[in-house]
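**Student:** So you can see what is in the structure, the chains are spelled out below.
There are 2 protein chains.
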Amino acid sequence: MDQTNVQSLVEQVLSEYHHGGRNGLTIPIAVSARHVHLSQAHVEALFGAGYQLTHKADLSQPGQFAAEETVIIAGPKGCLERVRILGPARGESQVEISRTDAFKLGLNPPLRLSGDIKGSSPVTVIGPKGSVHLSQGLIIAQNHIHMTPEDAAAFNVEHGQCVKVKVKSERPITFENVLIRVSDRYKLEMHIDTDEGNAALISTRGEGILIPSHTPGVIHS
Amino acid sequence: MDQTNVQSLVEQVLSEYHHGGRNGLTIPIAVSARHVHLSQAHVEALFGAGYQLTHKADLSQPGQFAAEETVIIAGPKGCLERVRILGPARGESQVEISRTDAFKLGLNPPLRLSGDIKGSSPVTVIGPKGSVHLSQGLIIAQNHIHMTPEDAAAFNVEHGQCVKVKVKSERPITFENVLIRVSDRYKLEMHIDTDEGNAALISTRGEGILIPSHTPGVIHS
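One line per chain: the protein sequences are A and B, in this order. Throughout the first sequence, residue numbering follows my numbering, covering 3 to 223 in sequence. Throughout the second sequence, residue numbering follows my numbering, covering 3 to 223 in sequence.
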């Protein structure tokens, strides 16, 4: 059996297998632009004592919102202006940027799961009433899929598992190490950053096929 | 046979098959930053009558070089400064940028194979002695692999075929529709743009595994 036959056979098996499920394996994909999560203490340091973030628009994940407020993110080589704050306020401040952004700042943040900021890059955040220097908190967010326990059952995957997602696009790519995050507070959606979106020629929203994988994932927390 | 078993079996078959070749299937990957190719007429329009590009550094593809000269690329929403010219002068001018760059310019160039500029985006190029408005020539370059006929034989692929390339990286991705370009003037190397490089967390150089594919490719010329 030559290479053509092996490849065709394997692709046919995989394709038929993956598309045979009752629900299919399609995942909505959203591109996350650079953004900031702030502790309430940092909200007040940047915007004034007692300040509360202003709701601008709901995000896809229930309870999360884009705030009216933006900040400047600064590093040794440059800054990013008008970076959106996402609410509500969290326990610890965190800044999520792309690798492209990191070059502009002159910083080298690690690839991390959102919330896992221990030992990540320091960065300066500037607001209208003050600025704060975070000793850690700047990361490139690892891509992941939010889903409910019901979704996880339908897709036959578990919290903490890594899967592959093939993006349907004019420039198709497969993300090989996508973390599954399961909670009944979530809504089914894959999050990628702007570099990953631009690589796949997705500007804001796209669609992908979930392919279960047994490659060990990077789970930091 | 459950999903885990099917997936594991198929991955094992593919892995053993793909790594069994005498030469392995590793491809060096280079990230192409935004750049410009100019016709000699446009070199003179931008830099002065009789001007010749100055050799700064050899590129990996034999005969190609980075010039000392740079230009400004301008669109309706912004411009890109110090964009490197690659020599030698060509028959037609062409500007290759990333999707990230396209947003900054406010333009929407098509994904094209280098050299296939018919009907691509108009763009303005500005030099120290003048500027030119190209009625077409702005593209996002389709990723591709340069190789010699000997490489093509070793990899068992043909000119014009599309393959997959899995990038080894902290954020591994597979490019699904990579065009094979064969010439005895070429040196083995895959070229991706900065968005694709940043998505895979490759800054300048990386390495990938070539996986033959029979998915129809996008070949524009």
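No lab work stands behind these hints, which were simulated from the structure alone. Treat the hints with care, since some could be wrong.
The list treats identical chains as one, so a pair stands whether inside a single copy or across any two.
Claimed, not checked - Here are the simulated SDA-like pairs of lysine to any residue, each with C-alpha atoms no more than 25 Å apart in a straight line:
#1 Lys120 <-> Gly52
#2 Lys79 <-> Thr126
#3 Lys166 <-> Pro214
#4 Lys189 <-> Gln66
#5 Lys106 <-> Ala154
#6 Lys166 <-> Ala51
#7 Lys189 <-> Ala59
**Student:** Sort out which numbered hints this structure fails and list those numbers smallest first.
**Tutor:** 1, 5, 6
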